[in-house]
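Novice: Please put together the full structure from these sequences, using the hints given.
2 protein chains.
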Amino acid sequence: MRATVIHGAFDVRLEDRPDPKIDGPGDAVVKVVASCICGSDLWPYRGENPVKQPRPIGHEFVGIVEEIGSEVRTVKPGDFVVAPFVVSDGTCPHCQAGFQTACQNRVGYGSDKADGGQGEYVKLPYADGTLVATPEVPDDSLVPSLLALSDVMGTGWHAARSARVKAGDTVVVVGDGAVGLCGVLAASRMGAERVVALSRHEPRQKLAKEFGATDILSERGDAARDAVLELTKGVGADAVLECVGTKQSMTTAFDVARAGATVGFVGVPHGVEVPIGTMFGRNVGLNGGAAPCRAYLPDLMADVLAGEIDPGKVFDAQIPLAEVADGYTAMHERRAIKVLLRP
Amino acid sequence: MRATVIHGAFDVRLEDRPDPKIDGPGDAVVKVVASCICGSDLWPYRGENPVKQPRPIGHEFVGIVEEIGSEVRTVKPGDFVVAPFVVSDGTCPHCQAGFQTACQNRVGYGSDKADGGQGEYVKLPYADGTLVATPEVPDDSLVPSLLALSDVMGTGWHAARSARVKAGDTVVVVGDGAVGLCGVLAASRMGAERVVALSRHEPRQKLAKEFGATDILSERGDAARDAVLELTKGVGADAVLECVGTKQSMTTAFDVARAGATVGFVGVPHGVEVPIGTMFGRNVGLNGGAAPCRAYLPDLMADVLAGEIDPGKVFDAQIPLAEVADGYTAMHERRAIKVLLRP
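So the sequence lines, in the order shown, correspond to chains A and B. UniProt numbering puts the first residue of the first sequence at 1, with every later residue one more than the last. UniProt numbering puts the first residue of the second sequence at 1, with every later residue one more than the last.
It should be emphasised that the hints constitute simulated quantities derived from the structure, not laboratory data. In this text, all values refer to a predicted model and were calculated from it rather than measured experimentally. Note that CB positions come from ideal geometry on N, CA and C, so glycine has one too. A hint or two may mislead.
What the hints assert, rightly or not - Derived list of chain B stretches under chain A, where covered just means 3 residues or more per stretch with a C-beta under 8 Å from a C-beta of chain A:
| hint | segment |
| --- | --- |
| 1 | 91-98 |
| 2 | 201-212 |
| 3 | 251-261 |
| 4 | 268-279 |
What the hints assert, rightly or not - The calculated label-pair distances, taken between Cβ atoms and stated as ranges, are:
| hint | chain 1 | residue 1 | chain 2 | residue 2 | range |
| --- | --- | --- | --- | --- | --- |
| 5 | B | K247 | A | E230 | 32 to 40 Å |
| 6 | A | T91 | B | P203 | 42 to 50 Å |
| 7 | A | M1 | B | G221 | 48 to 56 Å |
| 8 | A | N49 | B | K247 | 26 to 34 Å |
| 9 | B | G277 | A | K52 | 17 to 25 Å |
Stated by the list, open to error - Output of the computed footprint for chain B on chain A, the stretches with three or more beta carbons under 8 Å from beta carbons of chain B:
| hint | segment |
| --- | --- |
| 10 | 178-190 |
| 11 | 260-266 |
| 12 | 270-284 |
| 13 | 330-337 |
Specialist: Shown next as structure tokens:
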């Protein structure tokens, strides 16, 4: 099969790899229908996380189950499945508590136990604990929104849930990438009365509005803080979604939070300093992390199939898998919000 | 009147101060029945927070209302009142949301607007937003438990509430000072099934058990982490109360938290580094800060008057106000958990 391998900074290649096969009783092999490139894939792509040796990449995909191990019970060949971005056993105490990203037997894609997602096929263990099947094979038009449940929509949902968004809230979303935009959608679905998106890119502003943003602020840093305080009569936001992971984005998130608010964070932290004094003085909480998309998948899948949400709109480019390298370039240069790959 | 003034490290003195009088329509003057020394008073006492100039000290007291301003409506002369450790207006958005410690017009005791608590009388503004009266003047035996509602019991309660303790939880309490002990009591009241207190001091261990601790661990640091993990079959605690505020206590708190848990923190942070990577990877939240004791006072007062809780047990020494300097020494040397002062 063909699969994407990252060799180093700015060097991803589609290569021939061994066809995957069932090794264990809990395994599944999935024929990929669509996969995509994640903002977090750009960290190694940009050289900010070093690539020690070439490895398969990609952790978001949907597809058709091709083959299963002898003990797999919840999916069968022919099923259309969504794969969350982490493989989890589904049975350990952390999985049972709904935090599958902390699974005691967690497996990452592109490792010796599971193929990378940006390829033609993916073999993975713990199929029952990981994959979620649709009731029937969905119309192709729904593929982008189902694919978004692999990561970005579940992650945006986790940001809003971690920030404890509730009906009537004023919510600020820091970050206008695919996750931030899904955070806008999530906050809106949770009944937030006002959803303020920080964005200075016109196409992203437009999508934020489609997803339910009531206000768009193009300011950054101190100016963004001042603008939010002006919007909220000096009080600040009831909940803040931090969807970037940089020092500046975290600072802004705390700056705009009102006393007693929670910052829900889902951006992988890079150089972040937590302002513990502000947290103490104003009782602003910090909560979040690697999103347990598996926990949210059943409900969000039902919402997508019912036409209630359409997170697939974050994909503003669809290209053949053969052009995966161009997809990375487009996302790196911010010409695309998120790139969908078709094998 | 006589009141306690801190002059510098290890130098507190009982001095003559002007008798307080009503200045504004929202003021009250309270004749102090009992006050006490706080763990946070030890920071300036030990010279860890510099004392720039002599100032009245103390922020926990109960007493009888002596006089009120023309617009005070909720307390009247002769009422027995509990004063939370911060003066709050009761009307700003933060007070209305139950975060009175972030009041937009917050006033500290021992400032030019309110007297220190360790004295014979205290004048304060915003009496309606701050003081809570008992239905009738209580029996003297209840004074310690009512005084505990000024700070330590409300703060312990806030730690448990910030950590989102729920029925059936396994809760670890880091810190065996008066606040930590009250945190044990709070977690127990909230229905925690297992309350693990970290303590190596026999009298504190005993009180922790009286307050509902099911397990006492005398280990510290990595050994404490290992002991908690052994108790919880490698999973960790559902909720952790961080009631100290040092780097080591915060590290231990995160080390023993299970994935998806929340660390509720109420110790004023000194040199604390927040392990953002752990928070992200295991979805461990951090939530808390200066406790809005005012918000909890009505319910906790009802519990004390009904004999449901007796947080006053944290006072293991009662001395005349004249001996306040000895009280500081006793607490500094950890000979006393918490010292009650009678004017």
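Novice: Hint by hint, say whether it matches the structure.
Specialist: Each hint tested on the structure:
Interface restraint, the segment 91-98 of chain B with chain A: holds (4 residues with C-beta to C-beta distance below 8 Å; minimum three). Taking a C-beta to C-beta cut-off of 8 Å, the segment 201-212 of chain B contributes 0 residues in contact with chain A, too few for the three needed, and the coverage statement is violated. Check result for the segment 251-261 of chain B against chain A: holds, 3 residues qualifying (beta carbon to beta carbon below 8 Å, three or more required). Coverage of the segment 268-279 of chain B by chain A holds in this model, with 7 residues showing a Cβ closer than 8 Å to a Cβ of that chain against a need of three.
Between B:K247 and A:E230, the C-beta spacing of about 38 Å keeps the proposed range 32 to 40 Å intact. At about 44 Å, the beta-carbon gap between A:T91 and B:P203 stays in the expected band of 42 to 50 Å. Taking the beta carbon of each, A:M1 and B:G221 are about 50 Å apart, inside 48 to 56 Å as hinted. Range check, A:N49 to B:K247: Cβ separation about 28 Å, and the 26 to 34 Å hint holds.
The hinted window of 17 to 25 Å between B:G277 and A:K52 holds, with their beta carbons roughly 19 Å apart. Check result for the segment 178-190 of chain A against chain B: violated, 0 residues qualifying (beta carbon to beta carbon below 8 Å, three or more required). Counting residues of the segment 260-266 of chain A whose CB lies closer than 8 Å to any CB of chain B gives 3, so the stated coverage by that chain holds, three being the minimum. Here's how the segment 270-284 of chain A fares: 10 of its residues keep a CB closer than 8 Å to some CB of chain B, so the rule of at least three is met and the hint holds.
Figure legend: the segment 330-337 of chain A, annotated as covered by chain B; annotation inconsistent (0 residues with Cβ-Cβ distances under 8 Å, at least 3 required).
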